[in-house]
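**Q** Two chains, two frames, some hints: make the complex.
Residue numbers (the numbering used here), protein chains in the order written: chain F, 113 to 478; chain V, 223 to 466.
Honestly, the hints are just simulated from the structure, not real lab data. Be aware that one or more of the hints could be misleading.
[Said to hold, decoys possible] Derived list of chain V stretches under chain F, where covered just means 3 residues or more per stretch with a C-beta under 8 Å from a C-beta of chain F:
no., region
1, 277-284
2, 346-358
3, 363-375
Virtual Cβ for every residue (Gly too), placed ideally from N, Cα, C.
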Amino acid sequence: MPKILMKGNEAIAEAALRAGATNYFCYPITPQTEVAEYLARRMPEVGGVFLQAESEVAVGNILFGAAATGKRVFTSSSSPGISLMQEAISYIAGAQLPCVIVNIMRGGPGLGGILPAQSDYFQAVKGGGHGDYRLLVLAPSSIQEAVDLTMLSFYLADKYRNPVMVIGDGMIGQMMEPVEFPENYKEPPLPPKDWACTGAKDREPHIIKSLFLDPIALEENSLILHRKYEQMKTEEVRCELYKTSPKNKILIVSYGTMARICQTAIDELEAEGISVGLFRPISLFPYPEKELYTEVVRKNIEKVLVIEMSIGQMVEDVERIVKGARPIQFFGRTGGVVPSPEEAKEQIKLLLKKETIAKPRKKKKA
Amino acid sequence: MTPVPDRFPKPSFSKSIITIVGGYGSGKSEVAVNLAKHLIHSQPEPVALADLDIVNPYFRSRETVRELTALGVTALVPPGDQIYAELPIIIPEIKTAIEKKEGKVILDVGGDDTGARVLSSLSDAFEPGNYELLLVLNASRPFTADLAGCRAMIDEIEAASRMKFTGIISNTHLMDDTSTGLVLEGLNLARAVSEKTGLPVVFLSATIDIIDNLNPREVTLPVLPLDRSLLKPWERRKKTSGTE
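Here chain V stands alone, though its shape is the one from the complex (with noise of 0.2 Å):
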């Protein structure tokens, strides 16, 4: 059998600036992580990740840092202990790189309109046109079950940015109770939102596991395996023999 990532495209951007927002508990910093990871071994060009949490005090990305650094990847993340704290912290060379667009630039961005708010203050360092901003839908969410709480969230957070959306990654999840079927209709719920809005679903997530039970003429878009790194103290990294 073929190895499971070959069996899908990855996904792959010609753009600089990869902006990563959506709701709460979408996943976001899972998928900016895991997005950091593949795009330092598939592409030539640098990679950076900023962590522009600022709602959030646990589970974000810069607890990544350390793993993130050794592979390669340029974490911008506040400096010190300030890496502790929940304060709208924002520093300098997050702007700088939004500017200079260097290599690829992910931008991890807290969940709601909340957390997209910090993108306003930083919206005149983007050039028009030229970046992605790609709300992530988890379907198991309370408030992004349906379609109508999809729109919502995307005109919530467009306001809030003060930017618009250029597509959606389909990243269903719950957790360790995640099952082929769920993000299946979560992928449908996307497609959904897609049809509406026009942006289209520029990649699914999922774990490893759910990966090979997802049939490829079923699933024609790009996907990106996840290997889960912001675990609870309790949990354990899932062995992954399928990832390059």
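Bound-form chain F, shown alone (with noise of 0.2 Å):
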């Protein structure tokens, strides 16, 4: 299939339908609406299931129910819808049950504004709603990158009966890329769905709750949730090295279509005779603990530098995985403001100016 010009909100939706994802609920939000206009327009070309429902609340639920079903259900929405739909999305969970929901990040707290912006990372990593558990974050960074993570998505959903969500900035729904979809899309083998709702003939009832008075059955219950996220960590870590080099001082963490800012400032210092890396993490939960450890720590960087579109969150993860082994710098605008290349280089330019800390000796192996 030749290329096409796509906006990263109507390939993340066509991405979908070609992932079998045939059910669709959602309630209109900038900047993200033309997910709900392009499926408007075909799922009824598919046979599947457009719905936009009266808020973001409903939403969630309607996705609880469908879910429930055991089709491929998904949702979009943009930072303060999402807030909305957090009390189901923790219902969803805590049911095991597989969806995927895409967030393409505004401008916070609160109303905000509807320009680029990546802090909802703590909502989306670090919890949401309420209870243990977490959701499966993945942050592509071009359209292609959404595209091929939002088909992925629904597979690991179903692979790990939990939320799956796509994290975007504005940009990453507002931009045109050319994009490829895959041809004959196949997905490994998932385990057969028989905890599904179906129509109870000849069989005992599915009961599909996230009600456990029993604490010792609600212990279990998270217990159970808990070791999926432990399998998820071994098995669906994602990241991405960009001139990363052992001559370089300075490693940058950065994620989404900031890390594609950061590459441009990483080009043009390299042509000013600056060396200097990137990681960035694709799978925000989980998130690649050994591999930046590894590319800090173990590859002898002095000093990290994160930048991000908000005012400092994945920063935190950074600081808890490196444990102070090197020192740890965050540069970030928020509020729809996107660092420039220029703010890029200078915040590298500043780090290297400033007095450099000795690289550990390596030991010598005995």
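**A** Spelled out as structure tokens, the structure:
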């Protein structure tokens, strides 16, 4: 299939259809409304369900009910709308149902603005709703990657019977890039959905719930979830390196389209003779912990620079992983202000000027 | 070798009001901004650009206000922080400009029939038969990749805007993946649409590197060079040595 030019929101919608997700529930909000517009046009063509609910609160609960049938279901929204869905997302995770939630982030808090931001990292990665649960969170940095990760997210949701979130700043939703859809898309085999509510004729009814009054049973449910999250940590970690080298003193950590701005800065600094690398987490949960630790500590980076479109959220994970082994500097703009390549370059140059910390000597092998 | 721009005639208009419409992502705003920059240089009349995009939140011609104003183009955009809204804000100066018809007024309209609906509220300001309503055509977009899709787009936009098209702009591209072949395929589609509808292909628009490869014997229509100005935050403006 030849490449076509698509807006991120349209590409995400088409990717979901091609992954067999034909049940979409939504409430419009900028900057992701084109997902709904596109599917309002496409769903009737594929015999799927397109439903605009009365609010995002309703969308969350419709997702719960529809996911219980075992069909592939999804929604998309932007920051304030995702906040409204948090109660239902916690229920969906508690009831071990698969679904995909796309968050095209805008500036917050509150109603905020409509320009791109990455300030829902905490909400996506650290919970959002109540209880001991996690979302598997994937962060594309291009429209092609948004397509690939959206398709993958439905497989992962089914594999773990857990909600998966595809998270992108407003740019991912709004920008246009050439994309290609895979021909003959195939997934690895999945276990049968023998838990789904499909009509209890000639069998015991399936009951899907997140209510466990017996504390031991509730703890057991949380432990089941916990084991899934531990499995994700070994099987679903994704990240990308850009121009990393043992000669580098500084490593940038950045995700989503912010990472592409950093790449421009890195390329232009390279032309000035300054070599800097980039670590880009693609899965935000599970975070590529070992990979980051290796790049920073094992490879003798002197300083880490975290750049985000937020006032500082992912940086807390980087600090947790590096555990004080190296100094970590943060730079971010928020509210819809996008850091420029110039700002990134300035931060890097400032860090290089500051007194460098001597590299710890490598221990000689005995 | 002759400088690129001189190898092809540039677009020129006898009419005052030039309305740019088309599907989402066809490149309307980039065409509108570059047309404004071309007209301010190439003819003596004043040039205004009105951003009538009420459907897109990002990548709108209003982002180039500073650049256009510096060149002497009047930018008609919502005041204050309303410039950031995706609300249906139509400032009164736009209707006045359409009625007065002073100099050249370029109207950059939002995508699809949804975006073109804004024109229906202004359509009584247009003097019948005395405006251009130009369809920007990008054959790399999913809904305008063939003749049937383009005709549907034309019908939908005409119904929503309550106006009739007067011409086509061939603007097929795939951002940085654009090839000369792709641009020529897009031109063929535009010509096919022209044959079916009777609407002329008014001009072709493309970036300088593509125009470099076009053959004036093959492309026998005016060409508008595009110096992309609605860039992603990590993109850099290409050096355009050939422009005026």
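**Q** Now look at each hint and say whether the structure bears it out.
**A** Here is what the structure says about each hint:
Counting residues of the region 277-284 of chain V whose beta carbon lies closer than 8 Å to any beta carbon of chain F gives 4, which reaches the threshold of three, so the coverage claim holds. Counting residues of the region 346-358 of chain V whose beta carbon lies closer than 8 Å to any beta carbon of chain F gives 0, which falls short of the minimum of three for the stated coverage. Given a C-beta distance limit of less than 8 Å, the hint that chain F covers the region 363-375 of chain V holds, as 3 residues qualify and 3 suffice.
Violated hint for the displayed structure: number 2, the only one.
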